[in-house]
Amino acid sequence: MTRSIQSIVSAVAVAGVLGACAGLPMTGTTGAVSGLQGYEWQVQSINGVAVNTPIRPSLNFGTTMQLTGHTSCNTYISGYVSTGAMLIIKQGAVTKMACEPAVMSQEQRFLKQLANTQMWAIDSTGTLTLTGTSGTIVAKRK
1 MTRSIQSIVS AVAVAGVLGA CAGLPMTGTT GAVSGLQGYE WQVQSINGVA VNTPIRPSLN
61 FGTTMQLTGH TSCNTYISGY VSTGAMLIIK QGAVTKMACE PAVMSQEQRF LKQLANTQMW
121 AIDSTGTLTL TGTSGTIVAK RK
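Yeah, the sequence shown ends on 142 if you go by this note's numbering, and it's all consecutive.
Think of the hints as simulated: they come from the structure by calculation, not from any bench.
Possibly wrong hints are sitting among the right ones.
As the list claims (entries may be wrong) - Quick list of simulated restraints, FRET-style, between CB atoms:
hint, residue 1, residue 2, range
1, 83, 140, 38 to 44 angstroms
2, 124, 104, 24 to 30 angstroms
3, 63, 99, 27 to 33 angstroms
4, 32, 101, 37 to 43 angstroms
5, 53, 115, 27 to 33 angstroms
6, 142, 98, 21 to 27 angstroms
Even for Gly, the Cβ is constructed at its ideal location relative to N, Cα and C.
Produce the entire structure from the sequences given, and follow the hints as far as they go.
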């Protein structure tokens with residue numbers, strides 16, 4: 001009985017968040033989550049700092065609402081929810097390989113910003129911008 005109540009409360013909370021975000025303004029090509037799906041997006045910058053590693057972080061938005069990619073050092077898998085321009089990245093899993101300190105630092109910035117993502121937009125040049133509470137991730141289709 002308690003588990004059922006928790007499930008209902010969770011569902012109502014998620015519906016409230018999604019409903020509140022439904023009225024967010026849209027810029028560029030947003031609203032159709034299919035615009036994100038089916039491409040490998042290579043990260044160009046994180047919070048205005050250019051990515052300078054041989055292997056760029058990547059984003060692959062699947063049609064099953066699964067997000068996978070590379071952090072420059074490790075691979076990750078997560079889920080996502082999108083309504084209009086709103087985008088929430090769920091907590092996921094990351095492999096734990098060690099890399100050079102600069103690469104690990106970039107990985108941490110990428111994962112932190114990814115977790116803070118709130119909105120997405122694709123501009124007329126095809127550039128994807130993920131905007132969150134602490135900055136942006138800018139990516140281009142591979």
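So does residue 124 sit 24 to 30 angstroms from residue 104, Cβ to Cβ? violated, 35 angstroms
Okay, residue 63 versus residue 99 on CB: inside 27 to 33 angstroms? Since the Cβ atoms of residue 63 and residue 99 sit about 31 angstroms apart, the hinted range of 27 to 33 angstroms holds.
Lying within 27 to 33 angstroms: is that true of the beta-carbon distance residue 53 to residue 115? violated, 20 angstroms
Taking the beta carbons of residue 32 and residue 101, is their distance inside 37 to 43 angstroms? holds, 40 angstroms
Given the range 38 to 44 angstroms, decide if the beta-carbon distance of residue 83 to residue 140 lies inside it. violated, 24 angstroms
Note whether the CB distance of residue 142 and residue 98 lies within 21 to 27 angstroms or breaks it. holds, 26 angstroms
Consistency note: the structure conflicts with the earlier hints numbered 1, 2, 5.
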